[in-house]
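The task is simple: from the sequences and hints, build the whole structure.
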Amino acid sequence: MCVENTPPPSGRLTRRGVLAGAAALAGTSAVLAGTASAAAASSGASASSGAGHGAPGRGGDLVVEGGRLLDPLTGEVTEDAVVVIAGGVVRAAGPRGRLGTRVPSGVPVLRAHGQWILPGLVDAHIHLNTAAEARDAVLKGATSARSGSTNFYQDIAVRELARQAPEQAPRLRAAGVFVTPDLGDTILADPDLAPLARLRDGVRSPEALRRVVEVNLARGADTIKTRVNERAGLPEQDPLAQVYDREQLSAIVAAARRGGKGVLCHSYSEKGCHDAVTAGIRSLEHGAFVGERTLREMRRRGTYFTPTLTAIAGLAESSDPVLAERGRTYLPVLKQAVLAAHELGVPLAAGTDSSGGTVDPIGREVELMRAAGLPALDAIRTATTGAAKLLGFDSTVGRLARGFAGDVLVVDGDPLADVGVLSRPARVVRAGFTVPTA
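Residues 0 to 437, numbered by numbering that gives the first Met the number 0, are exactly what the sequence shown covers, in order.
These aren't lab readings, by the way, just hints derived from the structure by calculation. Where hints are given, some of them may not hold.
[Claimed, not checked] With a straight-line cut-off of 30 Å between C-alpha atoms, the simulated DSSO-like cross-links for lysine-lysine are:
hint, residue 1, residue 2
1, Lys260, Lys270
2, Lys270, Lys388
3, Lys388, Lys260
Structure follows, in structure tokens:
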């Protein structure tokens, strides 16, 4: 059965709904102000009595000084560095003695002597359903992120929360709801999805696939999430079973492109991966059994690989014997695929696939990239410059340079010697606001 050819929902109405959702997530301005005050009090930064967070949506003013600054793009390390942030944007960054911009007085100062300074990290695959999860992601180092979908457009509200109160959430690319054969309760996410409930075989026809994409775009999604294989995290499903063929995936990609958006695709089997890549997806997610043929096609097309090693490693620790065995089997295969992708020149992006109320530190994904065989700097790039480019943030995220976002990670140790320090940030700065890590 096809879906009736009716227009997508009004953007004006849905934007109002998004703002209402953001308000519900964010709480009252008084609560936010209280949280901000607590963050400043516990951050260890010194400030004048008049310093504050300012109007909603405006970044903070901060000077980070004294540490070693790593630029992931060049690999350059600057000793005794100073980073000047004004209005949430880096105005200058470099060695203290050669800083071209005057260090302002009367603004908070974060002293990082004996520590390393890096740009905030990017989690290119995460599921954020609540304000608490969004804040936890920031606390664990992810100052920017891409949603891997939510059931009821919570990620679009989280994105608005990040704009209004950046210390509360990562800068976000939202994916809206999953384009999948069985929408389940997601059918209730928007009234315009309701006609799909009549479909006996689920969301499979070109018309139905287009409808889900159109509703997502009308609700303001920045990207579209779909799948080619079943899930690895459910013991009753077979992750190698294919749910969409190349033609169906092509219909999703075409609908997304009409709205100027790309597609990220959940995948496991080599055939599924190849079908997804040749259908024109922007990034391949998980991809445990992706083969050399497909990796070469990805390099040719510039398709990104987001392996979510953290999620697969988590399966190996499951109390469910099926999932535990699946994780133990998939993880070494996926690590080999990651190394092969890197050696072939396939762009890699770090993503934890955190979901279900638990947020894994994005630094853990960098550790696993390193364990797969990537050099330390290249592993760090998967969560900085590489992931930023995938998300379209490469002119503002992934480095601490003039004009870039004032998102900072301060760590107790040399990340080039031990990337594990990224999983334990000593300080996190989001848009010029120092966020407490405990």
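Consistency of the hints with the structure:
Restraint check: the Cα-Cα separation between Lys260 and Lys270 comes to about 24 Å, which is no more than 30 Å; the hinted pair holds. Restraint check for Lys270 and Lys388: satisfied, since their Cα atoms lie roughly 27 Å apart, inside the 30 Å limit. Between the alpha carbons of Lys388 and Lys260 the distance comes to roughly 14 Å, so the proposed pair stays at or under 30 Å and holds.
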